[in-house]
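Novice: The residues making up each chain are set out below.
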Amino acid sequence: MFKIEILMKKGYKNSHGEHILSDICGIGIKNITKVEYSPLYVIDGDISSVETETIAAELLSDKITETYTVNSCSQTNCGQSLPSKPAINNSMNCIVEVWYKKGVTDTVSGSVVKAVKDLGISKKIEVKTGHKYYLHGKISQTILNKIVIKLLANTLIQEYKIK
Amino acid sequence: MKSAVNCKIIEILNLSDNQLIKLSRNNVLSLSIEEMREIQKYFEKLKINPTDIEIETIAQAWSEHCKHKTLTGIIEYTEYADVQTKRTYNNLLKETIFKATVELNKKWCLSVFKDNAGVIEFDSKNGVAFKVETHNHPSALEPYGGSATGIGGAIRDILGVGLGAKPLANTDVFCFGDPNTKAYKIPEGMHHPKRIAKSVVSGVRDYGNRMGIPTVNGAVYFDDGYMANPLVYCGTMGIIPKNKIEKKVNSEDLILVVGGRTGRDGIHGATFSSIQLDQESDVSAVQIGNPIIEKKVLDAMLKARDLNLYRAVTDCGAGGLSSAVGELGEKTGVVVYLDKVPLKYSGLSPWEIWISEAQERMVFVVPPKNKNRIVEIFEKENVEAVFIGKFTRDKKLTLKYNNDVIASMDMEFLHNGVPKPTRYAVYKIKEEKLQKPVKMSVGEISKALKALLSDLNICSKEWIIRQYDHEVQGQTVVKPLQGNNIGISGPGDAAVIFPYTVIKGTKKGIVLSNGLNPQYGKINTYKMAASVIEESLRNAAAVGADIEKVAVLDNFCWGNPNKPEILGSLVRAANACYDMSKAFDIPFISGKDSLNNEYSIGGKKYSIPPALLISAVGVIEDVSKTVTMPLKNKDNKIFLIGITRNELGGSVFAKINNIKDGVVPDVYPKESKDIMKKIYRAINKNLIESCHDCSEGGFAVAVSEMAFAAGKGVVINTDAVKTEDVSMSPAEILFSESNGRFIVEVKHKNEFKFQEIFKGAVFAEVGYVGDNENIVFESKKNKIKVKENAENLLKIWQSTLNW
Amino acid sequence: MKKVKVLILRTAGTNCDYETQAAFELCGGFVERIHINALIEKKDKIFEYDILACPGGFSYGDDIASGKILSNEVKNKLGDKVKKFALSGKPIIGICNGFQVFVKMGLLPDPNIFEQISTLSYNDSDKFECRWVYLKTEKRINGESNCIWTKKLPDIVSLPVAHGEGKFIPNDKKLLDALNKNNQIVFRYTSKDGGKPEYPLNPNGSVEQIAAVSNIKGNVFGLMPHPERYVFTLQHPAREGFDSEYGWGKVIFQNAVDFVK
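Residue numbers (our numbering), protein chains in the order written: chain X, 1 to 163; chain G, 1001 to 1803; chain F, 2001 to 2261.
Just so you know, not all the hints are guaranteed correct.
To be verified - Using 20 Å as the maximum straight-line C-alpha spacing, the simulated DMTMM-like pairs for lysine to aspartate or glutamate come out as follows:
hint, chain 1, residue 1, chain 2, residue 2
1, X, K13, F, E2129
2, X, K13, F, E2025
3, X, K114, G, E1381
4, G, K1185, X, D23
5, G, K1685, F, E2245
6, X, K150, G, D1622
7, X, K101, X, E159
8, F, K2042, G, E1381
9, X, K13, F, E2198
10, G, K1507, G, E1330
11, G, K1433, G, D1661
12, F, K2127, G, E1462
13, F, K2043, X, D118
14, F, K2196, F, D2177
15, G, K1507, F, E2245
16, F, K2173, X, E66
17, X, K63, F, D2172
18, F, K2045, G, E1381
19, F, K2002, F, E2025
20, G, K1625, F, E2240
21, F, K2077, X, E58
22, G, K1344, X, E51
23, G, K1604, G, D1661
24, F, K2042, X, E58
25, G, K1400, G, E1330
26, F, K2077, X, E66
27, X, K117, G, E1384
28, G, K1625, F, D2243
29, X, K13, F, D2172
30, F, K2077, X, E159
31, F, K2081, X, D118
32, G, K1114, G, E1330
33, X, K9, F, D2126
Hints in this document: simulated from the structure, not taken from any laboratory.
Produce the entire structure from the sequences given, and follow the hints as far as they go.
Specialist: Rendered as structure tokens:
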């Protein structure tokens, strides 16, 4: 099982992160200074790390503006594992991952499965998609929870993890 | 014999009333005690307990959502005015709205109140189908998914009308709480209105845009009464060949389910929609939409339709397969093999498969000889299509799972067995008093005008509209935002679709408009209903529609109908629908109601302010004649058509200035219909350069919008306005919301012909288009002159909703 | 006169195919809308056509990124055929989602290289926007556009855009210079009088306001705006056009049809 994170390259605008930041300001929280957003994918199946690299490079990331990390993971830590080289290294930051709850239809996952086949990788795989937010700024746990519940995740259909 | 291997037997035969109520509640059946007793009686006759799937099937078939029990049930109505009057309705819908349609008996109404959408004639070969739905409860819980599946469902209604129409346009109307509400005031467990608003818009955007259907018309209404119970109305209009309007089901025909797979999504959606919202609302009621599956179904099914490969089609909406297959097989009987239904994942019980509301599924009725050809068409476009059963002759619903019979019931009982409830309704007509005369200085009028333009219910909805691809298909020739569509814009009254890609060589168009005003309903639901009907027609007339070829749809969103005052306010509104339909000669062709829009906070229950949405659809003979609302050229004359009455009750002006009294605008059908016909004649003769109706905010707001949408100025003499009451103050003239009024721009050279047409109507020349950007309102009589800059007012109008 | 055959490639989520068909037909083209599955089954069928169009829409829901999955599919299943078609000099147009597909598979800006060297990224506003824009037609060769699709247009033309990912970004400065030098930039967003546009006049924040590019030869054309939505004056917000009936978008399709004739 592999976890892929897509990161914006330096020098390119993280528009979605900026949008989230303005939403956070919009609910009256001032201490967050920057938000970066990364899409996440978990690919499960009889698949090699070389093939996963190909999928990340050719399919899931944009060659011009994005880069990616691929990490092998297990069923238990997949949702929680952080990239080996975190893009940001600062104790004032927190990282939030949001995933669909089990049984909730993940519409993007089917598209990824189809596209992997088009790439010429014919192994049977399963895909999960998630979202990762890097929040920069000093905030309390309570405020963080508020941000997550009010803006980042709908707990009815999604679960989240905070690091 | 029924087997219990794949289902549970539910003990019902020996239950007491209390136990029956408990059974209904514990299984989210939403059935009343009378209904539970009726079910008990049915199985007593058979001397056997039902299976879980049988009980669930009945609950779906008898749900408020599918049967509209309140509006078709018995209502004992009492009205208190000067005298007390009583009336019993055996079926409110049939005795008001539907009755008007029957009495009007329009030949050009091709299908009314029987299919998934109403259909009117477009030309000799085609019809226009239109349907508006609500999706309120799911949108409160999961606003993004709720609104996405809302529009997805409205689109499927159009795919499922007759043998399938091609969708041409979407509409959406929302009611939200105040987005500026402080976070601590939001009830526990509910989303903030701003988050609901943003997510609902994103849901409609992502679904509508991906379907390639332009969202061209709508409205947003903010009121704290919708804080915990937002309203989400989604509509779709499509075009259908006249020879594809009738469905047919023959015995031995096969049942083909097409599109999305079935999962646990939206189990109990139909019964859930009749339950009031609280914190513990059911999680599995959430549905997730996948527009691309629906788009694939649309692409492939129209091919199959044109090859005549099926006899009927309907969509899986509330109640899922149970409702769709149940309705198709009502007259014949049906046998379904539930183990054949393609699933998203394993582990579903047969009853879950049967009532799941998983999205993007359609059910086709296929003659056996076309079996292979139809599946091939779907498969070529990667659409899953699986036969799950067939129609029989035994007039029974038979469900099988792995060859075991798990349900066997009479169609007659299922469809007509529901007992008619009797409900009580009362309405006290409130006396409306004229407010104290509103005297305002120049500064106060200026301030009021700016406050109105920036009010949530008047301000620009550009932030929403531009997120919708309102021009995909290339047929939106009267757009939701008018002006140059880059920096300068104003609110269009109605949208016009020119379906040239579907009907080659046509000159005709289709107009879509709406009317909604819950504020009036807080005072008088009759006047609210009358006003919004008139508003929807006025909006259509303002772009150049002939109202003799317009039909309307009703969507009632009301509170708890078990409360007599709430039901009474609905009866009043339904009566207004009948009266207006007859007086304007405008048929209703389809409608829907969503009741029980009630929520509890801290144990206390609140009903929403009643909201009646009227959506109008009409056919325009020549799209090139249509007009827009921005002013066109300097020196052209401005006329105000219609009488301005002292009607500030329920107006935005009254709300902003905290004016308690005031008369709610009434509708004068004879006067108003005559004006609309004259507007049509004048537009059709190219005598009108621009046209806009007066609605929320009144004359001053409407004139300002016409000016700033063009980046032009305008000079208005308020003394020239024709009023009913000569003592009206300038502020009352400027901000009264009297119905039936239009502002038009006329070239000097056309003035004579224009006046000829309007002979007999009340109208007055009230000003001219200026040569600079000043918007001026002057009353020499009152020594008042208000002067504002067009660009400045535009910015004020644009800045409120700019997230 | 030759019968000009146009292939409109469609797949799950394509949604501007009907109006694109109508635009070509208005200009005398004979159009077939063909599902990608059918084309993959008979790959050489592509050479029966004179013009190839990849219309707007949300191919495969634009999941992952706009146009990404279709670009991956076309490249892996039909890549050599499409490349051959492009290098043969026949007109190709990618509109909105089609442009995204072409850029991401590398058909633009250079079908010879056929590798992704530029992208269309998220709008600076991070939202989908539908509005009209002003476009400056780049005319550096004897006062005319280098691209066969955009001849005979006025210096400034108005067209609608509707996208969430339209910000054109070249890989590096070298490529940007080359695009400029080789006259491959066909349209730039501009203001009403041809000045530098701010948002929303530049609706997505494109580098150097780039709205459309072509290959060096000028036969392969990709653009974010929708010319097929402006073939009649009626479709224009103020109902303006190049004559009383037709809009400027029609000229773009007419150019390609006339080129083949």
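Novice: A separate judgement is required for each hint: does it hold in the structure or not?
Specialist: Evaluated hints:
Between K13 of chain X and E2129 of chain F, the direct Cα distance comes to roughly 18 Å. Compliance with the 20 Å bound is thereby established for this hinted pair. For the hint pairing K13 of chain X with E2025 of chain F, the CA-to-CA distance comes to about 41 Å; that exceeds 20 Å, so the pair is violated. Pair hint K114 of chain X plus E1381 of chain G holds up; C-alpha atoms about 14 Å apart against a cutoff of 20 Å. A C-alpha spacing of about 19 Å is found between K1185 of chain G and D23 of chain X, which places the hinted pair at or below 20 Å, so the restraint holds.
Between the alpha carbons of K1685 of chain G and E2245 of chain F the distance comes to roughly 19 Å, so the proposed pair stays at or under 20 Å and holds. A threshold of 20 Å between alpha carbons decides the hint, and for K150 of chain X with D1622 of chain G the separation of about 49 Å lies outside it, so the pair is violated. For the suggested pair K101 of chain X and E159 of chain X, the alpha carbons sit about 6 Å apart, so the restraint of at most 20 Å is met. Among the hinted pairs, K2042 of chain F with E1381 of chain G is consistent with the structure: their alpha-carbon atoms are about 15 Å apart, no more than 20 Å.
Taken as a hint, the K13 of chain X and E2198 of chain F pair is honoured in the structure, with Cα atoms around 17 Å apart against an allowance of 20 Å. Restraint check for K1507 of chain G and E1330 of chain G: the C-alpha separation of about 41 Å exceeds 20 Å, so the hint is violated. Pair hint K1433 of chain G plus D1661 of chain G holds up; C-alpha atoms about 6 Å apart against a cutoff of 20 Å. With a C-alpha separation of about 13 Å, the suggested pair K2127 of chain F and E1462 of chain G falls inside the 20 Å cut-off, and the hint holds.
A distance of roughly 16 Å separates the Cα atoms of K2043 of chain F and D118 of chain X; the hinted pair therefore holds under the 20 Å criterion. For the hint linking K2196 of chain F to D2177 of chain F, the alpha-carbon distance of about 19 Å falls within 20 Å, and the restraint holds. A threshold of 20 Å between alpha carbons decides the hint, and for K1507 of chain G with E2245 of chain F the separation of about 13 Å falls inside it, so the pair holds. With a C-alpha separation of about 17 Å, the suggested pairing of K2173 of chain F with E66 of chain X holds against the 20 Å cut-off.
Using a Cα cut-off of 20 Å, the hinted pair K63 of chain X and D2172 of chain F holds, with the two alpha carbons roughly 12 Å apart. Distance hint between K2045 of chain F and E1381 of chain G is fulfilled; the C-alpha atoms sit about 18 Å from each other, no more than 20 Å. The hinted pair formed by K2002 of chain F and E2025 of chain F meets the criterion: a straight-line CA distance of about 14 Å does not exceed 20 Å. Distance restraint check for K1625 of chain G and E2240 of chain F: the Cα-Cα separation of roughly 14 Å lies within the 20 Å cut-off, and the hinted pair is therefore satisfied.
Annotation: proposed proximity of K2077 of chain F to E58 of chain X holds, straight-line Cα distance about 15 Å (limit 20 Å). Simply put, K1344 of chain G and E51 of chain X have alpha-carbon atoms about 27 Å apart, too far for the 20 Å limit, and the pair is violated. Among the hinted pairs, K1604 of chain G with D1661 of chain G is inconsistent with the structure: their alpha-carbon atoms are about 29 Å apart, more than 20 Å. A hinted pair counts as satisfied when its Cα atoms are at most 20 Å apart, and K2042 of chain F with E58 of chain X does not qualify at roughly 26 Å.
A C-alpha spacing of about 18 Å is found between K1400 of chain G and E1330 of chain G, which places the hinted pair at or below 20 Å, so the restraint holds. Restraint check for K2077 of chain F and E66 of chain X: not satisfied, since their Cα atoms lie roughly 25 Å apart, outside the 20 Å limit. For the given pair, K117 of chain X sits about 18 Å from E1384 of chain G by alpha-carbon distance, which is consistent with the 20 Å threshold. Proximity of K1625 of chain G to D2243 of chain F is assessed by CA-CA distance (about 17 Å); at most 20 Å being required, the pair is judged to hold.
At roughly 16 Å between alpha-carbon atoms, K13 of chain X and D2172 of chain F fall within 20 Å of each other, so this suggested pair holds. Of the supplied pair hints, the one linking K2077 of chain F and E159 of chain X is violated, its CA atoms being roughly 38 Å apart against a limit of 20 Å. A distance of roughly 16 Å separates the Cα atoms of K2081 of chain F and D118 of chain X; the hinted pair therefore holds under the 20 Å criterion. Only pairs whose Cα atoms come within 20 Å are accepted, and K1114 of chain G paired with E1330 of chain G is accepted, the gap being roughly 14 Å.
Simply put, K9 of chain X and D2126 of chain F have alpha-carbon atoms about 17 Å apart, close enough for the 20 Å limit, and the pair holds.
Hint compliance for this structure: hints 2, 6, 10, 22, 23, 24, 26, 30 are broken, all remaining hints hold.
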